[in-house]
Amino acid sequence: MTTSTIDKKTLYAYLDEIKDPEVPVLSIIDLGIVRDIVMHGEEIEIIITPTYTGCPAMDMIAMHIRMMLATLGFKKQKVTTVLSPAWTTDWMSEDGKRKLKEYGIAPPNPRQQVCDDKLFAAAESVQCPLCNSYHTHRISEFGSTACKALYQCDDCKEPFDYFKCH
Amino acid sequence: MNNDLINYTLHLADNSLILGQRNSEWCGHGPILEQDIAITNISLDLIGQARNFYQYAASLKADGSTEDSLAYLKTEREYKNCLLVEQPNGDWAQTILRQFLFSNYQYLLYQQLQSHKDDQLAAIAEKSLKEVTYHLRWSSEWVIRLGDGTEESHNRMLKAIDELWRYTGELFMPADYEKESGIELTVIKDGWNKKVNIVFDDATLIPPSGGGGAFMQSGGKQGKHTEHLGYILTELQYMQRAYPGCEW
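Same order as they appear, the protein sequences are chains A and B. Position one of the first sequence corresponds to residue 1 (the numbering used here), numbered consecutively onward. Position one of the second sequence corresponds to residue 167 (the numbering used here), numbered consecutively onward.
Keep in mind the hints are simulated off the structure, nothing from the lab. Since the model is a prediction, treat every value here as computed from it, not as a measurement. Glycine included, C-beta positions come from ideal geometry on N, C-alpha and C. Any given hint could turn out to be false.
Some chain B residues judged to face chain A by a derived CB distance under 8 Å, without partners named [as the list claims (entries may be wrong)]:
| id | residue |
| --- | --- |
| 1 | ASN218 |
| 2 | ILE290 |
| 3 | GLU292 |
| 4 | TYR300 |
| 5 | THR316 |
Kindly produce the complete structure, drawing on both the sequences and the hints.
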């Protein structure tokens, strides 16, 4: 296989092998981080977008993409970061949501519920990824990484991460 | 190259970096674990914004500057952040109030900035706005919780207002490089006052009757800082000064 014969579909499959270092069950395709693949003659450009502006995983993800492209034989390559349109959890794949839940992290709700500046709004109703109860409460809007909030299940009592709507 | 645009971009970057650095001082010292995590998450968002602005400023300058040299290797007078963000953390009330006063401003600013004629500034604002919405909501709720809490927490909020109010006027005084930015500071000021009134009202607090009378400190945007910035830079720049170019 030479670089000129690799089609986009194959490239996406390779990119799907690159995981988010902080949530290793999700690939960068699941997350919706990869926005486009563009060929400029010999040069390949992968366009990505960050989940959160301060996400420390982005540099490592860009490095993994460059290493993967080098392994495939691309000599001229670049990884470009775009900010607009801003990333949203709506771009997360259904497959990604399923994998998150299996991993023990509640996936983002299908519709954004708390993304405005209204105060003391009722916390989003989030399903416990372990026992499936909706009888849960929010402990903190901020969690172990920028993309998560902290919840606890009132039935099985387990605390869990919620990949919050964004 | 357009110097005003570079300076304005650096001003935005410095605001985010210095407040991010200040908030990060809480790491491991927050009043409870969840709020320690909250304030340091806000730090991370702010430092992320700062990186985007510094990267853009470095590309505009095109003189070999990098995001790191612009963040770590400037002298005190070269920082253009407003005075509010460099003020000490004080107690939790003072940190909360500083965050609320600034997030309220940043939220309104980024709303305008996201339709700026400069595409990259607009993109950074659009991207950051979602995060700032979180910061504004979180800090507003805490202002209310403390102001309308116990006698102790209420008094601490009053003290925080005394400490910080004098640094809010500068937010709405345009620096030279800001005048052509297309940002309507008077519109931001109106929205800002409105929000302060709503939140303070719920918090049983009263904004100082500033209206032209209250003395406001200024100078940060032009590089004239309070004594606190030097101490921040000592800590912020230590590694790069002691081990130039160090990475991990």
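Each hint, compared with the structure:
{"no.": "1", "hint": "ASN218", "in the structure": "holds, 6 Å"}
{"no.": "2", "hint": "ILE290", "in the structure": "holds, 6 Å"}
{"no.": "3", "hint": "GLU292", "in the structure": "holds, 5 Å"}
{"no.": "4", "hint": "TYR300", "in the structure": "holds, 7 Å"}
{"no.": "5", "hint": "THR316", "in the structure": "violated, 18 Å"}
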